[in-house]
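Quick mapping for you: the protein sequence lines, in order, are chains V and Y. For reference, each letter of the first sequence is one residue, going 56 to 292 in the numbering used here. For reference, each letter of the second sequence is one residue, going 3 to 283 in the numbering used here.
These are calculated hints, taken from the structure and not from any lab test. Some clues are possibly wrong.
As the list claims (entries may be wrong) - Where chain V lies over chain Y, by a calculated footprint (3+ residues, C-beta under 8 Å):
#	segment
1	199-208
2	211-220
3	249-261
Given the structure is predicted, the values throughout are model-derived calculations rather than measurements. Cβ coordinates follow ideal geometry from the N, Cα and C atoms, glycine included.
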Amino acid sequence: METSQQHDGPGREPASRRDFLRAAGLAGVTLTVGSVLSGCAEGVTQPAGLVARAATVSGNNITLDFSQDVDVLNYAYALEQLEAAFYVTVVANAAFTSAFPANEQRMLRDIRDHEVVHRDFLKAALGPAAIPGLTPNFSSITFSSRASVLNTAQTFEDLGVSAYNGAAKYLKRNDYLTVAGKIVSVEARHAAAIRGTLNGNRTGSFAPNAFDPANSPTTVLMAAQPFIVQSISATNV
Amino acid sequence: MDSQLPILRALEASDPEVAGRISTQVVSRRSALKAGAGASASLGMALRIGSAPVALAAFASEAFGQTRLPAVVVNVLNYALVLEELESRFYIAGVAAGVVPAADLTIFTTIRDHEIAHVAFLRNALGAQARPSPMFDFTAKGAYADVFSNYNTFKAVSQALEDTGVRAYKGQAPALRPYKDILTAALTIHSVEARHAAEIRRLRGNFEDTEPFFEGWITEAQTDVPGAAGNYAGEDNTVHAGVDATTLSYTPAVTRKEVTEAFDEPLTQSQVIALITPFFA
Numbered sequence: 056m057e058t059s060q061q062h063d064g065p066g067r068e069p070a071s072r073r074d075f076l077r078a079a080g081l082a083g084v085t086l087t088v089g090s091v092l093s094g095c096a097e098g099v100t101q102p103a104g105l106v107a108r109a110a111t112v113s114g115n116n117i118t119l120d121f122s123q124d125v126d127v128l129n130y131a132y133a134l135e136q137l138e139a140a141f142y143v144t145v146v147a148n149a150a151f152t153s154a155f156p157a158n159e160q161r162m163l164r165d166i167r168d169h170e171v172v173h174r175d176f177l178k179a180a181l182g183p184a185a186i187p188g189l190t191p192n193f194s195s196i197t198f199s200s201r202a203s204v205l206n207t208a209q210t211f212e213d214l215g216v217s218a219y220n221g222a223a224k225y226l227k228r229n230d231y232l233t234v235a236g237k238i239v240s241v242e243a244r245h246a247a248a249i250r251g252t253l254n255g256n257r258t259g260s261f262a263p264n265a266f267d268p269a270n271s272p273t274t275v276l277m278a279a280q281p282f283i284v285q286s287i288s289a290t291n292v
Numbered sequence: 003m004d005s006q007l008p009i010l011r012a013l014e015a016s017d018p019e020v021a022g023r024i025s026t027q028v029v030s031r032r033s034a035l036k037a038g039a040g041a042s043a044s045l046g047m048a049l050r051i052g053s054a055p056v057a058l059a060a061f062a063s064e065a066f067g068q069t070r071l072p073a074v075v076v077n078v079l080n081y082a083l084v085l086e087e088l089e090s091r092f093y094i095a096g097v098a099a100g101v102v103p104a105a106d107l108t109i110f111t112t113i114r115d116h117e118i119a120h121v122a123f124l125r126n127a128l129g130a131q132a133r134p135s136p137m138f139d140f141t142a143k144g145a146y147a148d149v150f151s152n153y154n155t156f157k158a159v160s161q162a163l164e165d166t167g168v169r170a171y172k173g174q175a176p177a178l179r180p181y182k183d184i185l186t187a188a189l190t191i192h193s194v195e196a197r198h199a200a201e202i203r204r205l206r207g208n209f210e211d212t213e214p215f216f217e218g219w220i221t222e223a224q225t226d227v228p229g230a231a232g233n234y235a236g237e238d239n240t241v242h243a244g245v246d247a248t249t250l251s252y253t254p255a256v257t258r259k260e261v262t263e264a265f266d267e268p269l270t271q272s273q274v275i276a277l278i279t280p281f282f283a
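Assemble the whole structure, with the sequences as input and the hints as a guide.
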């Protein structure tokens with residue numbers, strides 16, 4: 056079972072992890088694994104050609120093999136887990152309705168929902184090939200602070216866009232490439248909305264360059280690593 | 003960020019196939035860089051734009067040789083070029099006509115300049131195989147007769163063009179998949195078009211983020227842009243890579259509306275050409 060691969064050794068946990076998990080509903084990550092898997096059993100069609108997990112999972116170390124399409128999707132799944140957990144925590148924070156005006160609450164709730172859809176969709180598409188649920192470390196984020204939340208959101212959304220842009224070339228299957236394309240443009244829409252909200256809607260912040268970055272998995276994972284308890288690395292990149 | 007990488011490191015991350023072609027042409031990568039930077043207008047252009055993937059794509063066209071660009075690449079890049087010419091000339095004309103109020107000018111000059119950069123990139127990549135720009139009728143044969151005098155019309159047409167541009171690039175990803183550097187370059191444009199679309203959608207709702215029309219994302223297949231139903235047709239699809247995303251159980255719970263917002267949908271070349279044909283003079 057996936058849950059046995061989560062490593063909750065006390066030495067690895069951020070001090071506030073238990074509170075975080077409660078707030079984020081991430082105690083439910085393990086439950087989600089079960090529920091999505093049973094969802095599959097109820098008739099979700101598995102894409103043809105998926106193999107058993109390609110990723111190497113050893114202790115808290117996860118190595119993604121980018122020569123395998125399933126691990127390119129696992130890379131996306133890891134990033135979507137991070138984003139979903141972040142926005143779930145944002146919206147669940149007691150200060151959410153006081154820290155953000157109504158329009159920004161609407162926006163952040165929608166983005167949370169989209170990231171939850173991306174996360175759980177990828178998990179279902181991956182089926183038994185999915186990596187374990189990840190444990191976030193958000194100790195550097197002040198969830199009651201609008202500036203802290205929006206700055207982190209901007210980082211995550213721009214990182215997500217650059218990650219999909221940079222990973223697409225590893226995919227061998229057209230249907231997976233199309234799925235990645237369907238998701239990355241929504242991440243770009245998020246990035247634009249967050250950037251405008253943070254830096255000024257009537258500025259050029261929504262799209263700082265004519266060409267978005269396409270970052271390598273190694274670069275992206277280095278940037279994401281401080282927010283994830285497990286260690287994730289990439290091979291064959 | 004990778005976009006600030008020195009060109010040397012960018013090339014080291016290049017598609018091995020292209021790197022191989024480069025290495026057959028010059029003795030070393032370093033001298034390739036030196037020769038390329040000195041002699042190549044397209045690489046220089048790409049460097050000024052400042053994106054590593056773009057530099058790679060420009061270099062790729064040189065590595066392939068412009069007369070040896072694969073036919074599918076020529077086809078897709080010329081298709082993209084028509085869309086980018088339409089967009090860039092639309093914004094150039096709109097801004098010049100004064101339809102955009104001063105408070106919003108930065109938004110539209112930013113978008114305009116991006117589209118101009120996209121056109122320049124595509125023309126450089128295609129070289130002599132770039133098709134000349136069509137002549138455009140931005141009223142779409144009178145459907146948007148006041149597009150350059152009525153700001154609401156201008157914004158609505160802008161939104162439709164951007165959302166359609168996103169769908170158009172997305173639809174070409176499989177065709178470009180064997181040409182990894184070109185694919186990557188196209189995707190770095192694709193996501194910028196999505197940023198443009200989100201900004202214009204939100205602007206049209208005065209940044210109040212009200213659904214279903216004025217959020218940055220597309221709800222179901224809904225639009226309030228007159229005559230643009232076809233541009234949004236199919237955006238309510240929920241089946242992706244064989245998985246119907248509405249059949250999953252989400253934690254926390256999510257409605258169908260958000261499921262459709264979470265995925266943008268591709269369009270084929272023929273679908274897009276049919277949609278933009280009214281804009282050809």
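Do the hints match the structure? See the list:
Look at the segment 199-208 of chain Y against chain V: 5 of its residues bring a Cβ nearer than 8 Å to a Cβ of that chain, three or more, so the hint holds. Coverage of the segment 211-220 of chain Y by chain V holds [criterion: at least 3 residues with CB-CB distance below 8 Å; count 6]. Counting residues of the segment 249-261 of chain Y whose CB lies closer than 8 Å to any CB of chain V gives 10, which reaches the minimum of 3, so the coverage claim holds.
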